[in-house]
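A.B. asks: Put the two chains together into one complex, using the hints given.
From first to last, the protein sequence lines stand for chains A and B. Quick note: the first sequence uses this note's numbering, first residue 1, plus one each step. Quick note: the second sequence uses this note's numbering, first residue 1, plus one each step.
Don't read these hints as lab results, they were simulated from the structure. It is possible that part of the hints are untrue.
Covered stretches of chain B, as calculated for chain A (at least 3 residues, CB under 8 Å) [stated by the list, open to error]:
no., region
1, 95 to 104
2, 166 to 175
Listing some non-contacts, in silico: residues in chain B with all C-beta distances to chain A over 12 Å [what the hints assert, rightly or not]:
no., residue
3, Asn-2
4, Glu-65
5, Lys-196
For every residue, glycine included, the Cβ atom is placed at its ideal position computed from N, Cα and C.
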Amino acid sequence: MSEVLVLVDHVGGSVRKTTNEMLTIARRLGEPSAVFIGQLSDDATAALKQYGAEKIYVIDPNAVGPYLVTPKAEVLAQLVEQASPAAVLMSSSAEGKEVGARLAVKTDSGMITDAVDVESDGGTPVATQSVFAGSYTVKSKVSKGTPIIAVKPNSATPEAVDGAGTVEQVSITISDAAKGAQMTGVEPKKASGRPELTEAAIVVAGGRGTGGNFEPVEQLADSLGAAVGASRAAVDSGWYPHTFQIGQTGKVVSPQLYVATGISGAIQHRAGMQTSKTIIAVNKDEEAPIFELVDFGVVGDLHSVLPTVTEEVTKRKG
Amino acid sequence: MNIVVCVKYVPDATGDRRFEADNTVDRVGVDGLLSELDEYAIEQALQIKEKTGDAEVTVLTVGPEGAVDAVRKALQMGADKGVHVSDEAIAGSCALSTSLVLAEAIKKIDHDLVMFGMGSTDGAMGVLPAMVSERLGVPGMTFGSAIEVDGDKVKIRRDGDTATVTAEGKLPLVASVTDQTGEARYPSFKGIMAAKKKPVETWSLSDLGVDAGLVGLDAASTTVENTEARPPRTAGEIVTDEDGSGAKALVDFLASKKFI
Ligand SMILES: Cc1cc2nc3c(=O)[nH]c(=O)nc-3n(C[C@H](O)[C@H](O)[C@H](O)COP(=O)(O)OP(=O)(O)OC[C@H]3O[C@@H](n4cnc5c(N)ncnc54)[C@H](O)[C@@H]3O)c2cc1C
Ligand SMILES: Nc1ncnc2c1ncn2[C@@H]1O[C@H](COP(=O)(O)O)[C@@H](O)[C@H]1O
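Only chain B is shown next, with the shape it has when bound in the complex (with noise of 0.2 Å):
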C-alpha cells in the first residue's frame, strides 16, 4: 500500500509571528518548522505501515525552499520518501490554489491512502484534506480522532459537537487525522541517520503541469484587506491568597464586573 502524507512548513506558533506590509504570513522573522498537527498525520501512516507491513510512506510538502526541512523532520521519523513542490510563483497562494497544487503532484505519486493533519497551525483553515479529496475525485473521511486500515477498507472515528460517529470508506481515499490520535514519536539517532539516505525530490510547477498564472497571491480567491495587531493583553491585579482573601477579592472582583 502507498500512503502520501501532506505536511506543511509553518512558522513556530510559540514565536511572535507577524505580517508582512502585504499581508502575507512573515515567513522569514520565526523559524519555521514542521506543522505539529502534521505529526499525528506521520504518527498513524507509520502505525498503519507497521501494522500492514508492506506499505510505503512518501511525504509531501508545497512551501518555500526551506520546507524541505519538514519533509527531513517526517523522514526521520520514519517515512520512506519525500517531495518537495517549490516554486516562486507559488508564494502567497489561497487554500483553493494550494489544493491545486497538491492534488495534481499527488497524482504523480503512486497512492491509496492520502493523509493530512486536522489543519496547519498557521492558517488553521482545515479545509485541505476535504478540498484535494474533492480535486481526486476519491472519498474523504476527515477530522479523524481514530484510524484503522482493514484491507481496503479505511476506518475512523470522529469526534463531533453532538455526536461521535463512526465512518468506512474503500481505498484510494484521503483522511486527516486530529491530535487525539495519539502522540507522535521522536526521531531516533538511528532515525536521523537513515534519512540522510533516504530520497527526496524537488518539483516546479512545470513538472506538474501546473499553469503559473492559476497559483500564487495574484490568483488567490480571497484576499486580505487589513491586519491589525490586537492590542497585548495587560496583567491587571494579582493577590496572593491568605485563609480565604483570595476568594474574597476574586467575589468582590466579579461584583464589581456586575457578573454577580
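Excised from the complex, chain A in its bound form (with noise of 0.2 Å):
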C-alpha cells in the first residue's frame, strides 16, 4: 500500500485535532505517514501513533530556520520524490494552502483546497467542498501529478489505531530562493479558554446588534459550552478580535447548533456558517435575511433575551 503524507499540524508541538483528522483521513486512502517539522516529544510521537501513524518523519526545526514556509514545501517536494505518495494531506489554514500550493507548482500536481470531506474511490481520493457560500457541493479528483489536499477542521471523526510510528530523520537543504522571506517577530495568541471555533459543536455569535457589549453573547455561549464568534462589522468595529469572525474572510465554520445573535445575515456571514446543521437567530428586526434560514428565530432584543435565556439554561443544566 503507498503512503499517504501528513503534514502535521502542531502549536509549539502539541499536536491540534485537525492532524487526528488528517491521519484518519489518510487510512482510507494508504498507509499513513506523519511529517512532523519541529522538536518531536514523546507525547507528539504517541499521539500521531494513536491515529495510525506508521511512519513519522521528523525535521528539526533548525533546517527549515526563521523563513516563511517556503521550506516546508521543499521539505514536502523532497519527501513526495522519496516515497511517492498516493496524497499529500494538510490542514487547510492559511499556511497550509500556501505549502500545498507551493508543491503543486514543485511536482507539476493537481491541488484541491477545503475539503471538508475526503473519500477513497480505490486509492484516488475524492474531495468534497463546499461552495458559492455553501449553496453547492462539489466533489473533485486530482488527475495530475500527487493529489494535495488541503483539508478543514472536523472534515473526519478521528478514529484511534495503534500505527507503528517508526521515527525517521530527515535532512534537508533549504535553498537560497526559500530564504527570501524571513520571520521578524511571532506574538502567540492567548487562548479564550473556550472551544475552538472551527471545532466547537455550538458557536454563539455576536454582530453590530450587540452594539459592542459582548457580554450577553459570552455568557450564553459559556453556558452552553459554546465557541464565540462575531460578524465582521462586529470585528471592524473592534469589539471582538478578528480571529473569531465568522464569514467569507474569516472562518467558516460547520457546527451541530449555530446562534446568531445581533446579526443581519449578509452573503458574506452566511459563507461562513450556512451549512451549521440547526441555526437560531436572535434579532429586533424581523425582515433581517439571517432569519430566512434558522430552524427557530426570536424577534426580539437581545440584550433582554440572551441573559433571560442564559439563566434559564444554567437552571435546566443544573
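C.D. replies: Take a look at the structure:
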C-alpha cells in the first residue's frame, strides 16, 4: 500500500486535533506517514501513533529556520520524490494552503483546498467541498501528479488505531530562494479558554446588534459550552478580535448549533455558517435576512433575550 | 518602483451563482465584476504609490472578454495601466494552469512588487499568490493584514490562528493582502474620466509563448466529478418576544433538540 503524507499541524509541538482527522482520512487512502517539522516530543509521537501513523518523518526546526513557509514546501517536495505517496494532506489554513500551492508547482500536481470530506475511490482521493457560500456541494479529484489536498477542521471523526510510528529523521537542504522572506516576530495568541471556533459543537455569535457589548453573547456561550464568534461589522468596530470572525474572510464553521445574535445575515456572513446543522437567530428586526435560514428565530432585543436564556439554561443544566 | 496587481473578474456573489452542465462556473447568468477582495490589493498598491511617490501600478487580469471591466474599475480607482490576457483556450483552467499564465504575463511586465487579493470570491482557493511566487522564483508573503514598503524591503503582518507573525522580504517579491488592510476607495468622477485614456493591452497565449495544450478544461489538474445544489434552507418557527416569552420559547427549542 502507498504512503499518504500528512503534514502535522501542531502548536509548539503539541499535535492539534486536525492532525488526527487527517491521519484518519489518510488511512482511507493508504498508509499514513506523519511529517513533523519541529521538536518531536514523546507525547507528540504517542499522539501520532495513536491515530495510525505508520511512519513519522521528523525535520529539525533549525533546518527550516526563521523563514516563511517556503522551506516546508521544499521538505514535502523532497519526501514526495522519495516516497511517491498516494496523496499529501495538510490543513486548509493560510499556511497549509500556501505550502500545498508551492508543492503543487514543484511537483506539477493538482491541488484541492477546503475539503470538508475525503473518500477513497479505489485509493484515489475524492474530495468534497462546499462552495458559493455553502449553496453547492462539489466533489472533485486530482487528475495530474500527486493529489495535494488541504483539509478543513472537522472533516472526519478521528479514529484511534495503533500505528507503528517508526520515527525517521530527514535531513534537508533549503534552497537560497526559500530564504527570501523571513519572520521577524511571532506573538502567540492567548487562548480564550473556550472551545476552538472551527471545532466547537455549538457557536454563539454576535454582530453589530450587540452595540459593542459582547457580555450577553459570551455568557450564553459559556452556559452552553460553546465557542464565541463575531460578524465582520463587530470585528471592524474593534469589539471582538479578527480571529473570531465568521464568514467569507473569516472562519467557516459548521457546528451542530449556530446562534446568531444581532447579525443581519449578509451573504458574506452566511458563507461562514450556512452549513451549520441547526441555526437559531435573535434579531430585533423581523425582516432581517438571517431569519430566512433559521430553524428557530426570536424577534426581540438580544440584550433582554440572551440573559434570560442564559439564566434558564444554567438552571436546567443544574 | 513597478507594482503589478493581479485581479480577477468574478460572478457577483450576491447573484444566483451556479454551475454549467460541464461543471464549470456559469459566468454568463450572473453579472461579473472586479472581485471585492482584490480591491484591497489595489488600494494598498495605490497607497504604496502615494507614499513612495515614484511607483507605477499595472493591473493584470486573466479572463474572458468581459474581464476587462475589472481592469477598468482598477484604472478608475487610480491604477496607471492595464493588461488583459484573454484566449479561448484558457477557459476552464485550473489554479495550476492559471498560475502559469499569470507568471508568464508578469515576466513580460516590469515588476518589483506583485500584489494579489487574499482569494477570489468565486474559487476562493487563495493559492495563486503562492503558486505565482513559486513560478517566478521570488519570495512570497501572503495574507498580510498590513503591508509596508521601506526602500527595497517589504514588511507584512499576518494575523494567524495561533499567533500574529511579522515578516520581511526584499524586492522583487509577491504579496497578498486581506480585507483587514482597510477599506478600498471608490472611483472619483475625475478618476472615471481619467481611466478612459489609460492604456489597456490585450495579450493572447501566443503573445506569452504559452502552449495552449497546457491550459484549459482538458489540461486541468483537478476534475470536478459532481456538483449538487444544497437544498435551500427553509425558515422554521419565528416567535416575537414579549416580556420574556421569546427567551422561554428559545430554551424549549434548545431542550427539544437536546442541546440542554
Ligand atoms: C469582501 C467582503 C467580505 C466580507 N466578509 C465578511 C465576513 O467574513 N463575515 C461577516 O460577518 N461579514 C463579512 N462582510 C460584511 C457583510 O457584508 C456585512 O456587512 C456584515 O456581515 C454585517 O454584520 P452584522 O450583521 O453584524 O451587521 P448589520 O448588517 O448592521 O446587522 C446588525 C443586525 O443587528 C440587529 N440588531 C440591532 N440591535 C439589536 C438588538 N438590540 N437586539 C437584536 N438585534 C439587533 C439589526 O436588526 C441588524 O439586523 C464582508 C463584506 C465584504 C464586502
Ligand atoms: N484569472 C485571474 N487573473 C488575475 N488574477 C487572478 C486570477 N485569478 C486569481 N487571481 C488573483 O489571485 C488571488 C487568489 O485567487 P484564488 O487562488 O483563485 O483564490 C486573487 O485575489 C487575485 O488577486
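A.B. asks: Looking at the structure, which of the earlier hints fail to hold?
C.D. replies: Hints that this structure does not satisfy do not exist here, as all of them hold.
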